[in-house]
Amino acid sequence: KAGVTQTPRYLIKTRGQQVTLSCSPISGHRSVSWYQQTPGQGLQFLFEYFSETQRNKGNFPGRFSGRQFSNSRSEMNVSTLELGDSALYLCASTYTGTGLGYTFGSGTRLTVV
Amino acid sequence: EDQVTQSPEALRLQEGESSSLNCSYTVSGLRGLFWYRQDPGKGPEFLFTLYSAGEEKEKERLKATLTKKESFLHITAPKPEDSATYLCAVNFGNEKLTFGTGTRLTIIP
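Same order as they appear, the protein sequences are chains A and B. Take the first sequence: its position 101, counting from 1, is numbered 101 in this note's numbering, and each next residue is one higher. One gets this note's numbering by counting positions in the second sequence from 1 and adding 1000 to each.
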């Protein structure tokens, strides 16, 4: 059974650019969440999607956005990148959509220079 | 605000030396507590889910327990391959997990 797949694995971007990260959940999972992980803040919740609807959003600026497609695949976008956006971005999926039993992908390492 | 606190931040043990990691949380409608293991450069790997006080789960050298205010991850006779960061996360009744900052465990051969 394939796990959660995130692409790309690594990205280097320049300040001011925008970036799109992709996440393919485990087959049958309808809920996808995104987290940002940094050494200083740990894992911080970005947002959660279920059946193409955003149900919850963390305390991040509007530059961070996401969406989910009908096949449950999800993308997150960060516009006008700042140096502080450098982090490991993790996607997690679950079948039940109740915040329980999330399986994480390996993440996308974003470096902003 | 719902919070999760893990201690210690880092722990170095000799191979075979048992110990426990702690995860405490604000008491406000816990719907589930999760333990994950994370290796450098990888995503968190699921270990256990605990739902109610008194519950215990075991897997190889690891045992997780839950009380009304905290959880412990007991590591018995650890091996070097147990070295990793152990993360605790809590679902407080919404669609997100609130994570602690983790305990970085190093097992010395």
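Everything labelled a hint here was simulated from the structure, so no lab data went into it. Do not rely on the hints blindly, as some may be mistaken.
As the list claims (entries may be wrong) - Pairs of lysine-lysine residues, derived as DSBU-like cross-links and limited to a Cα-Cα distance of at most 30 Å, are as follows:
#  : chain 1 : residue 1 : chain 2 : residue 2
1  : B       : LYS1057   : B       : LYS1042
2  : B       : LYS1063   : B       : LYS1042
3  : B       : LYS1079   : B       : LYS1057
4  : B       : LYS1068   : B       : LYS1057
5  : A       : LYS13     : A       : LYS57
6  : B       : LYS1057   : B       : LYS1069
7  : A       : LYS13     : B       : LYS1042
8  : B       : LYS1059   : A       : LYS13
9  : B       : LYS1079   : A       : LYS57
10 : B       : LYS1059   : B       : LYS1069
11 : B       : LYS1059   : A       : LYS57
12 : B       : LYS1059   : B       : LYS1079
Hint by hint, here is what the structure shows:
no.: 1; hint: B:LYS1057 / B:LYS1042; verdict: holds (24 Å)
no.: 2; hint: B:LYS1063 / B:LYS1042; verdict: holds (23 Å)
no.: 3; hint: B:LYS1079 / B:LYS1057; verdict: holds (20 Å)
no.: 4; hint: B:LYS1068 / B:LYS1057; verdict: holds (16 Å)
no.: 5; hint: A:LYS13 / A:LYS57; verdict: holds (24 Å)
no.: 6; hint: B:LYS1057 / B:LYS1069; verdict: holds (17 Å)
no.: 7; hint: A:LYS13 / B:LYS1042; verdict: holds (21 Å)
no.: 8; hint: B:LYS1059 / A:LYS13; verdict: violated (41 Å)
no.: 9; hint: B:LYS1079 / A:LYS57; verdict: violated (39 Å)
no.: 10; hint: B:LYS1059 / B:LYS1069; verdict: holds (23 Å)
no.: 11; hint: B:LYS1059 / A:LYS57; verdict: violated (33 Å)
no.: 12; hint: B:LYS1059 / B:LYS1079; verdict: holds (14 Å)
Going through the hint list in order, the structure does not satisfy hints 8, 9 and 11.
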